[in-house]
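Protein sequence lines correspond, in order, to chains A and U. Numbering follows my numbering, in which position 40 of the first sequence is assigned residue number 40; successive positions increment by one, without gaps. Numbering follows my numbering, in which position 68 of the second sequence is assigned residue number 68; successive positions increment by one, without gaps.
Hints are computed from structural coordinates only; laboratory data are not their basis. Be a bit skeptical, because a hint or two may be false.
[Unchecked claim] A few chain U residues that face chain A, going by a derived Cβ cut-off under 10 Å, partial list only:
hint	residue
1	E75
2	I79
3	L82
4	P152
5	R173
6	D201
We put the CB at the ideal spot given by N, CA and C, even for glycine.
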Amino acid sequence: MNNWGPSTDVQDPALGTTIMAVEYDGGVVMGADSRTSTGSYVANRVSDKITSVADKIFVCRSGSAADTQAVVDMIRLYLQMHSLEINKQPEVPTAANLLNQVCYSNKDYLMAGMICAGWDERNGGKVFSVPLGGGIFPHPFVLGGSGSGYIYGYVDSNYRKGMSKQECETFVQNAVSLAMWRDGSSGGVVRLVTISKDGVEKQMISGDKLPHLAKGWCP
Amino acid sequence: MEYNGGCVIAMGGKNCLAVASDLRFGLENFTQGLNTPKMFRINQKMFIAMTGLLGDIATLKQVIEYKLSLYSTKESKTIRPLILVTMLSLFLYQNRFSPFVVETIVAGLNENEKPLICTMDVLGATSFSSKFVVSGTCSESLYGICENYWKPGMEPEELFKTISNCLILGSNRDCLSGWGGMVHIISTNGVETKSLKTRMD
Chain A
1 MNNWGPSTDV
11 QDPALGTTIM
21 AVEYDGGVVM
31 GADSRTSTGS
41 YVANRVSDKI
51 TSVADKIFVC
61 RSGSAADTQA
71 VVDMIRLYLQ
81 MHSLEINKQP
91 EVPTAANLLN
101 QVCYSNKDYL
111 MAGMICAGWD
121 ERNGGKVFSV
131 PLGGGIFPHP
141 FVLGGSGSGY
151 IYGYVDSNYR
161 KGMSKQECET
171 FVQNAVSLAM
181 WRDGSSGGVV
191 RLVTISKDGV
201 EKQMISGDKL
211 PHLAKGWCP
Chain U
1 MEYNGGCVIA
11 MGGKNCLAVA
21 SDLRFGLENF
31 TQGLNTPKMF
41 RINQKMFIAM
51 TGLLGDIATL
61 KQVIEYKLSL
71 YSTKESKTIR
81 PLILVTMLSL
91 FLYQNRFSPF
101 VVETIVAGLN
111 ENEKPLICTM
121 DVLGATSFSS
131 KFVVSGTCSE
141 SLYGICENYW
151 KPGMEPEELF
161 KTISNCLILG
171 SNRDCLSGWG
181 GMVHIISTNG
191 VETKSLKTRM
201 D
């Protein structure tokens with residue numbers, strides 16, 4: 001890390017957190033843990049990393065808390081103005097491209113890895129990854145943050161195209177809790193946001209209600 | 001010191017004492033194992049607990065066992081807590097310029113049943129306390145927490161509850177500690193060991 005750059009509240013450059021978003025048949029499910037760490041101290045154990053930028057478009061934030069909050073605030077403003085101009089709800093690819101433009105042009109100054117997902121009329125449920133340095137990558141599912149490394153195996157072997165809403169929520173909840181189990185910089189509660197034609201549903205699953213997937217070997 | 005993580009508390013009560021540690025074996029952010037307590041039993045009445053680099057903790061434990069078995073052969077008696085502290089402190093200072101990266105806590109009951117607890121830094125500088133000592137990545141938090149909850153003259157039951165609460169509170173706010181806990185309560189009746197159910201994140 002250089003000493004003229006932005007001050008970060010994550011020492012670990014792999015962005016201490018676990019975030020993911022998955023498309024299902026009819027919308028998207030976004031999930032995140034709730035830990036914000038300053039070095040090894042847990043500064044906030046109930047943070048909300050899934051922030052709305054429009055009625056049906058949300059962004060999962062990982063990396064520097066200050067950078068991601070500032071970027072998301074800017075995107076929210078641009079999307080509001082844009083939606084007035086087109087006289088419609090904004091679309092998910094628009095939001096993701098705006099994120100990309102901000103992150104790419106300021107890549108030297110920002111430490112922000114984000115996942116943009118939501119539902120719109122024309123495209124249905126869509127998930128885009130906007131990693132460190134910018135770029136925009138559409139995928140059926142995206143994982144991010146330091147905890148994501150521990151769950152690629154689980155996600156690769158359990159993801160199916162066209163899951164139902166319930167199956168997808170269970171899938172995301174299980175994946176995030178597995179990451180929290182192993183990653184030191186992820187923890188707290190699991191936050192889920194389900195976005196579909198019918199609206200936005202937010203859930204919080206606290207530690208004691210999480211599935212204990214390792215019970216086969218750890219009581 | 002922050003590579004493996006972990007935390008340890010030792011508290012003194014009325015003719016008893018308790019030592020508690022978390023169970024995490026970590027490699028920076030990654031949690032490799034969930035059953036690595038950082039406390040080691042010396043004899044009926046004494047424990048050593050260490051935080052810091054787990055490799056050095058394991059080595060130091062073996063060095064201490066070696067020195068103790070030599071001591072008990074030569075002196076034909078079991079070692080007293082204060083003598084162990086002095087021995088350890090001298091040994092750590094011998095590595096003044098390439099220290100063991102551990103912070104040690106010695107906790108033992110004297111012959112008069114009074115608890116002796118002491119903490120040492122990487123170079124063996126001792127710091128005795130009649131109340132409690134803490135060590136680990138969340139030691140700053142633990143100092144505040146223990147200061148609040150400790151009171152004099154606690155019996156083993158109450159001491160167990162207090163030390164467990166303090167350990168859980170401290171490690172819940174630390175990314176590098178937690179994933180289970182273990183407490184040893186040492187009193188005139190012997191040593192009782194209990195496991196704590198904690199958050200596993």
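Comparing the hints with the structure gives:
1. E75: violated (42 Å)
2. I79: violated (35 Å)
3. L82: Not OK, violated: L82/U not within 10 Å of chain A, min 33 Å.
4. P152: For P152/U, the interface hint is violated, since the closest Cβ of chain A sits about 30 Å away, which is over 10 Å.
5. R173: holds (5 Å)
6. D201: holds (3 Å)
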